[in-house]
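We have chain A already, so just place chains B and C on it with the hints.
Residue numbers (the working numbering), protein chains in the order written: chain A, 1 to 331; chain B, 1001 to 1421; chain C, 2001 to 2325.
If you are wondering where the hints come from, they were derived from the structure by calculation, not from laboratory data.
Hints may be right or wrong, so weigh each one.
Far from chain C, by Cβ distances over 10 Å, these chain B residues were calculated [unchecked claim]:
| no. | residue |
| --- | --- |
| 1 | 1008 |
| 2 | 1011 |
| 3 | 1025 |
| 4 | 1044 |
| 5 | 1051 |
| 6 | 1186 |
| 7 | 1248 |
| 8 | 1279 |
| 9 | 1283 |
| 10 | 1331 |
| 11 | 1353 |
| 12 | 1362 |
| 13 | 1364 |
| 14 | 1384 |
In silico BS3-like links for lysine-lysine, alpha-carbon gap of 30 Å or less [stated by the list, open to error]:
| no. | chain 1 | residue 1 | chain 2 | residue 2 |
| --- | --- | --- | --- | --- |
| 15 | C | 2036 | A | 108 |
| 16 | B | 1024 | C | 2228 |
| 17 | C | 2265 | C | 2298 |
All residues carry an ideal CB built from backbone N, CA and C; glycine is no exception.
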Amino acid sequence: MREITLSQAVNEAIAEEMRRDPTVFLMGEDVAEAGTPFKVLSGLVEEFGTERVIDTPIAEPGFVGLAVGAAMTGARPIVDLMFGDFIYLVMDQLCNQAAKQHYMSGGKLSVPMVLRTNMGATRRSAAQHSQSLQALVAHVPGLKVAMPSSAYEAKGLMKTAIRDNNPVVIFEDKLMYQDKAPVPEEEYLIPFGVANVKRTGTDITFIATSSMVQVAEKAAEILAAEGISAEVIDPRTIVPLDEATLLESVRKTSRAIVIDEGHQSYGVTAEIASRLNEKAFYHLDAPVLRMGAMDVPVPFSPALEDITVPTPEGVAENARKLCAGEMIHAA
Amino acid sequence: MPHDVTMPQLGMAQDAGKIVSWLKSPGDAVDKGDALFEVETDKATMEVEAQASGFLTSVTAAEGEDVPVGAVIARISDSAEDDTLAAPAGPDDSADLPAGKSVTMPQLGMAQDSGLLVNWLKSPGDAVAADDVLFEVETDKSTMEVAAGSDGYLAATLAEAGEDVPVGGQVAIISAEKPAKTVTRSVKSALATPSAKEPEAKATVAPAKAAPKPAAPQAKGGRILASPKARRLALEQGLDLSLLAEAGHPQPYHMADLETLRAMPAKAPAQTAAAASRCLTAEIGADGFAGFADWAATAHGLTDADALLAGLAGASMSVPCVVAIARFGQQHSYAVPATRSLSGITRTDDAPDLILRDLRGTPLRHIAMGADTAPALTVMTGATGLTITLECAPDQLDAQAAITLLATFAGRMEQPLRHLL
Amino acid sequence: MAEAKTNSEDYLRMYTQMVRIRTFEDNANQLYLSAKMPGLTHMYSGEEAVAVGICEALTDNDRITSTHRGHGHCVAKGANFKEMFCELLGKEEGYCRGKGGSMHIADQSHGNLGANAIVGGSMGIATGSALRAKLLGQDDVTVCFFGDGATAQGLLYEVMNMAALWHLPVIYACENNGYSEYTKTEEIAAGSITARAEAFGIEAFKVDGQDVLAVNELTQKLVARCRKGEGPFFIELETYRYHGHHVGDINREYYRSKDEEKDWKENRDPIVRFRSWLVDQGIATEDEIEAMNAEIKKDATEAVAYAEAAKYPDVSEVDMHVYAD
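Chain A with its partners taken away, still in its complex shape (with noise of 0.2 Å):
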């Protein structure tokens, strides 16, 4: 199969749904001719115009709320949020505005609109362009949250959430842009709340999301060789969460850490750790582990940045600690 980036991937499903569906349009502030400051969405202004790959100006809030008003009246926007960080400019539009309207309405309006924006920090960005924001969204009922951590994620996610009728924030992490994954020619969508179970094992499952995909299955295969069996799955979505797949796998392992780019405190990483606590109790072994990003805003130096966020050598150290039945946290 060709393998794509996930840039790519996500212009690829952008241009095929806007292929497929006239009401589909693209706004943000340099999508059109620059295509982004990372080039995802290169290309689409020369096929679609300037009618439907639109350059905004630098007005988050305003064209957020455009984006809402739009979708509530019969067109599919997608908005593109330049970094993930810039959320807490369109907190109203999105939280407020965006994710109600469709309950406050009693059913009678919906949302049907996609905000594109990105996560991840060692990137060098510092604190202001290098959030993964992810959990501030996903707290708020009426959004869905789709974190992809591969091309192939990408395109599928992608191309779903512009069919979905209701606000969705998709979060691709900066530093995978130019990571290469078999995408197939022909098209395909990847359901919401459907998690992938990227690896089997016995021992312990390990729980990631986007990126952290990638750190996991690298922790996986350090175990390997100690013996020890890991298990990785990728929710795909965090809202709408696939719970059974999660549950199902930590019934058979007896051990798990949730793994997540955000701030580790009130994070996704505490959300699910919390879920497979409450119903799968009785089958647990260990503690569930979070390991998410230190509760620190993203320090510049490249020498504080890295120590930041979950590693592969981090998460093996911890599923050895949890197999080998030690107190990871003394009671």
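Same frame as chain A, now just chains B and C:
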């Protein structure tokens, strides 16, 4: 059509408002928009406007009264003479109250929500003078009498003796004319205002607080630390995690430790009684038995020393009985006759009533095995002589019997010749 | 007063709609004061000519976005009393099945994209609706209602900028009732309100918001120009709210005098003014108008009674409509 005047809802979490003053009097002509009365809520005092034009009639709420929001307190009627009474404040509008002056529950202290109506000193229909005592009230501080406040007739009693009435709440109505019919109600049957509800809620909470909190049953030696899964599997498979703890395996226990547990020997059933068993120890100065055994063999041909030992031990019990002598893993039993005669002791296969473990000649100096199938005496070499320990379950020997048994046996072992006396 | 028109049916409808709003609000006010209506509510009384003058220039296909003071917009855009009162009381038959209430009432069937409890919160939605019309080649126009207080929100300037850049068919209708909640507008808004729009090259108009014909005439012209791609436009409508900021805002002399309120009510009431114009023009007699008023009052009374007796949504609906299928 008459227009009801209600206590307005002015905020989101507001239950009631207090009427500070009426700005119009019954019978006055009012225009829509005229200020009608002043209301005080927790936030502020404000004027409430008439929502219709007409004449103010049927005012049922007096100045100073707390009225629930939504309650009808007056009417704006087409004529000043409209005396059809508005519904009384509160949901209980099933019966109209007679006209007259309200007597309310007085506020007698700063933090007082309500007063207990102790008893009525007048009956409905009675003529009352302003100074007449109408009812008695008890608060947390004292009991006091409440006077009628005006001359007239007791037209309505709105609380029963024994009921708590919120301060400011209506207790009675004094009518100027002798009423055609009187009204008797209880607070319960009337409006359940939030302030009236409160004491009830408190009353139900108080006993719960006072009840002693039972201590959570705890396993002796503290809770065993184990993973939820190890604990669940142990329960399902009938495995006892405490055995791992007793065997000294480090906690917490995980699934892997269950394998170790499965490989361990099952515990004797008596083990469970161990904790509750009696254990008494006696020390005697010298081992008098060895010399006695030699003498008995030589003088009387009683060559089986164990039979002699069984005799001394059995004689300390109620006879006849069977005593087992255990030594170096071997055990054999002797029947001790009712005569306690040492020559009458014979071997037997019957179950023992008493076990005697002879551990002289071993390095053991202390023992605590717990109760066995019968009371057990253990004889060990002591610092200067012998140490004898008696262990038994409480249901095998009561405390006095255990003390007597050990004391008697210890005495006989120290000076065996006493047995013969 | 604007010149008489030949189409008396339109005038009578405008009058009726204004009275319907006033009557609706009188009933809503009573429901709230008598503690039958939960929550928080804001009366539109006094501003009727704004909503009616504008909405009578729109079709059901045209969209509006509304505000926390939104009952007037909802009625003017064609909503029924029954579903509206049911919504205000949180009943199952409400426009939003009781999930929105007074501050989120929406009536998609008539193009009302909903009231919004965030001041200025719907400006993006209105402009986005206009963007959609342009992109999909649809000729509907969107009117964005907001108050003078909302001109302080940054979102307004972001969306007006884009609307002007892209010539979107949207009309920003600023209902200037003189007060930003409990504060005089002059204390919160520097400079001219229309100049704000003009800075983006948007044609801006100021109109007497108590004159329904003036409002309607201007709106008709601007809607027609929007349909031709000449949008966006901005209208500042000078109007007045008779009640406080919300129903419980009774003691308000610290920010607004009773004399001022009296003056607006007695001398500038949009319904009174239009009524006498209708009689003067011979479009309706006093008796006919009284009969219309009585009919509306009866409708409202029946709708209130219906809503009070209507059932609440089943508790199973609590997690329904979080996500669309």
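The hints, checked one at a time:
Separation of residue 1008(B) from chain C is inadequate, the least Cβ-Cβ distance of about 4 Å not exceeding the 10 Å criterion. Its closest Cβ contact with chain C, about 5 Å, brings residue 1011(B) to no more than 10 Å, contrary to its assignment away from the interface. Residue-level check passed: residue 1025(B) sits 22 Å from the nearest beta carbon of chain C, beyond 10 Å. In this structure residue 1044(B) is not separated from chain C by more than 10 Å, as the shortest Cβ-Cβ distance comes to only about 6 Å.
The Cβ of residue 1051(B) does not lie farther than 10 Å from every Cβ of chain C; its closest approach is about 7 Å, which violates its non-interface assignment. Every beta carbon of chain C lies more than 10 Å from that of residue 1186(B), the smallest distance being close to 25 Å; the non-interface claim holds. At roughly 53 Å, the least C-beta separation between residue 1248(B) and chain C is larger than 10 Å, which holds for a residue marked as non-interface. Non-interface call for residue 1279(B) relative to chain C: holds, since the shortest CB-CB distance, roughly 64 Å, exceeds 10 Å.
Distance to chain C confirms residue 1283(B) as a non-interface residue, since its nearest Cβ pair spans about 77 Å, more than 10 Å. Once the 10 Å rule is applied to beta carbons, residue 1331(B) is consistent with being away from chain C; the minimum gap is 73 Å. No Cβ of chain C comes within 10 Å of the Cβ of residue 1353(B); the nearest lies about 72 Å off, and the non-interface call holds. Annotated as non-interface, residue 1362(B) keeps its C-beta farther than 10 Å from every C-beta of chain C; the closest such distance is 74 Å.
With a least CB separation of 71 Å from chain C, residue 1364(B) remains clear of the 10 Å interface cut-off, as annotated. In this structure residue 1384(B) is separated from chain C by more than 10 Å, as the shortest Cβ-Cβ distance comes to about 83 Å. For the suggested pair residue 2036(C) and residue 108(A), the alpha carbons sit about 26 Å apart, so the restraint of at most 30 Å is met. Between residue 1024(B) and residue 2228(C), the direct Cα distance comes to roughly 60 Å. Violation of the 30 Å bound is thereby established for this hinted pair.
Taking the CA atoms of residue 2265(C) and residue 2298(C), the gap is near 24 Å; set against the 30 Å cutoff, the hint holds.
Going down the numbered hints, you'll see the structure goes against 1, 2, 4, 5 and 16, while the others check out.
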